Amino acid sequence: MPGTNGASHAVASRGQNGEASHAHNGAAIPSRRLTEDEFDRYSRQMIVPGMGKEGQLRLINSRVLIIGAGGLGCPAAQYVAGAGVGTIGIVDGDVVETSNLHRQVAHATSRLGMKKVDSLIQSLGDLNPLPTYVPYPCLLEPQNAADIISQYDLVMDCTDNPATRYLISDVCVLLGKPLVSAASVQKSGQLIVLNCPPTPQGLVDKPYPPCYRCCFKKPPPAGSMVSCGEAGIIGPVVGMMGVAQAGEAIKILASGLHLPSPPLAEGQPEQQRNLKQPTLLIYSYDLEAAVGPYTFRALKMAGRRKTCFACGESSTLTLEGIKTGNPNYEQFCSLPTATHNLPPENRITATAYNDAKTRGALPKHHLVDTREMEHFSFGCIDGAVNLPFGKLLMAAAKLKRDGGNSTAAEVVEKILPRPSSADAAAGEKITLEQEEDTPIFVVCRRGLDSQEAVEKLKELGVDNGGKRKIKDIIGGMRAWKEEVDPMFPFI
Amino acid sequence: MSSRPPKGHFHVLYFATAGSYTSKQLEALPAPLPLRELFSTLEERYQGMKESVLDHSLVTVNLSYVDMQTDGEDEEEEVIIQEGDEVAIIPPVSSG
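For the protein sequence lines, the chains are C and S, in the order given. Every letter in the first sequence is one number past the one before it in the UniProt record's numbering, and letter 446, counting from 1, is 446. Every letter in the second sequence is one number past the one before it in the UniProt record's numbering, and letter 18, counting from 1, is 18.
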């Protein structure tokens with residue numbers, strides 16, 4: 001190893017006693033000399049003003065829990081490990097899949113199918129063998145959250161769903177752990193430091209730092225939540241957020257902000273950094289725009305909310321409660337249960353639609369595909385026109401605003417895109433007269449949006465008082481692939 | 001994204017699902033507007049937006065958080081969105 005027998009005279013070997021600590025701000029840290037390997041490995045960050053040997057020793061003595069070994073967790077863990085945080089726990093129940101690799105860059109093609117925690121730890125061990133890595137190959141759940149989180153000094157939320165985000169924040173409030181929370185989907189990302197410095201639940205006599213619930217009191221309705229699997233994600237966008245998250249964690253640990261602060265001397269000013277009103281960093285990335293301008297926005301957040309369910313003055317949240325199902329996180333975030341149910345006369349299976357069409361038993365009809373244009377561009381059922389669900393909602397809202405006295409045929413005319421000219425030439429034109437009762441079939445990705453779309457169209461009177469049939473294809477293009485066309489490129 | 005709004009207007013920025021819902025990143029609305037009328041003004045333009053986006057979003061005016069919630073916390077002075085202000089609608093993002 002370079003430097004081992006070289007000029008590092010000032011460095012003692014591991015285990016030898018070091019000089020007395022010079023710590024005078026923040027809590028005391030056990031001082032010792034750095035080992036030669038540590039000295040070499042961390043030299044470039046230790047010489048940065050503000051870090052120094054003290055900062056490095058604090059990192060080495062710290063324990064960080066990274067929840068989620070995906071697009072945020074990979075870069076976050078790499079930088080936290082590289083920086084020399086002494087103990088790094090990683091929680092994730094998933095295995096590495098091919099579709100992860102464009103953004104989860106600490107995994108590898110050669111480790112497909114491996115538990116993500118094991119894959120990530122293998123990669124981190126190669127990067128820096130000095131830290132202790134602790135794998136938790138499971139989901140973080142109300143039953144295990146407190147036991148795991150209590151072992152650590154700081155938590156990094158790198159998860160992918162609202163229920164776990166609320167759970168992590170609640171447990172961090174109760175256990176007094178700072179939480180560095182990041183999230184990212186499609187082309188945007190968010191980052192915020194919460195509960196730092198940790199403040200006992202219920203204190204509201206002064207400004208204190210917020211928790212996740214202080215910022216986002218209510219979860220979004222289940223239907224509107226999209227995951228990276230569904231909405232997509234640009235690798236560097238989520239990567240940037242994970243790296244920034246590591247930066248915040250390193251800052252907090254190296255400066256001892258996670259430790260109880262020593263009592264202030266008479267007249268000594270409070271910490272200069274305004275931690276009670278943290279900054280929410282928003283990154284938005286625009287694929288349509290030319291190069292730059294880079295849009296980072298730093299938004300000043302409010303502090304602890306007096307009435308906060310978790311940290312506010314009359315909070316009744318307890319660790320025991322959480323363990324025994326109170327609150328119920330799944331219910332609070334009403335995780336999708338695919339409950340939307342149109343009456344059977346408004347539904348058709350993919351198989352039945354295909355059979356009828358092949359037999360020539362289907363009259364002339366519209367087939368509307370409500371997936372996003374990007375999904376549609378990979379393939380669709382023959383004859384389908386693309387009307388993304390969001391556009392449909394917008395068009396419906398506009399029609400309502402404009403008074404809503406269009407006939408069913410006019411509404412269709414206004415809302416549905418024209419079929420491509422090739423299709424139009426091949427088929428007979430639907431006359432305005434025929435239009436009134438030409439059936440409409442709606443298909444989406446998995447069969448939820450299509451049901452809402454059918455309801456919207458009926459609301460707009462497109463069903464022409466029941467004369468026109470409007471049906472959704474049950475299970476969407478996923479069902480189409482399973483039942484009809486196994487080669488269909490479903491994303 | 002951060003050019004000045006036209007005279008007599010303020011800018012609203014739509015992040016994440018707010019952007020998908022409106023199909024816009026930003027638009028100019030007439031100022032002044034009392035903050036408590038912001039959601040109803042947007043709901044009028046984008047039917048259903050309050051329930052699917054606004055109710056769980058946080059809102060900032062000129063890069064600072066403003067409280068939209070009416071749960072009986074300290075009655076503060078009414079905030080009026082002024083000409084030239086920049087309002088941001090920020091829904092939570094959960095994925096990672």
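Derived by calculation from the structure, the hints in this document are not laboratory data. These figures come from a predicted structure and were not determined experimentally. It is possible that some hints are incorrect.
[Said to hold, decoys possible] Here are the simulated lysine-lysine pairs, DSS-like style, with alpha carbons at most 27 Å apart:
{"hint": "1", "chain 1": "C", "residue 1": "K218", "chain 2": "C", "residue 2": "K115"}
{"hint": "2", "chain 1": "S", "residue 1": "K7", "chain 2": "C", "residue 2": "K414"}
{"hint": "3", "chain 1": "C", "residue 1": "K391", "chain 2": "C", "residue 2": "K300"}
{"hint": "4", "chain 1": "S", "residue 1": "K7", "chain 2": "C", "residue 2": "K218"}
{"hint": "5", "chain 1": "C", "residue 1": "K217", "chain 2": "S", "residue 2": "K7"}
{"hint": "6", "chain 1": "C", "residue 1": "K323", "chain 2": "C", "residue 2": "K251"}
{"hint": "7", "chain 1": "C", "residue 1": "K115", "chain 2": "S", "residue 2": "K7"}
{"hint": "8", "chain 1": "C", "residue 1": "K467", "chain 2": "C", "residue 2": "K364"}
{"hint": "9", "chain 1": "S", "residue 1": "K7", "chain 2": "C", "residue 2": "K187"}
[Claimed, not checked] Sample of chain C residues facing chain S (criterion: CB under 10 Å; computed from the structure):
{"hint": "10", "residue": "G89"}
{"hint": "11", "residue": "T159"}
{"hint": "12", "residue": "S255"}
Even glycine gets a Cβ: it sits at the ideal position worked out from N, Cα and C.
So, going through the hints one by one against the coordinates:
no., hint, in the structure
1, K218(C) with K115(C), "32 Å, violated"
2, K7(S) with K414(C), "33 Å, violated"
3, K391(C) with K300(C), "33 Å, violated"
4, K7(S) with K218(C), "35 Å, violated"
5, K217(C) with K7(S), "35 Å, violated"
6, K323(C) with K251(C), "32 Å, violated"
7, K115(C) with K7(S), "57 Å, violated"
8, K467(C) with K364(C), "15 Å, holds"
9, K7(S) with K187(C), "31 Å, violated"
10, G89, "17 Å, violated"
11, T159, "6 Å, holds"
12, S255, "25 Å, violated"
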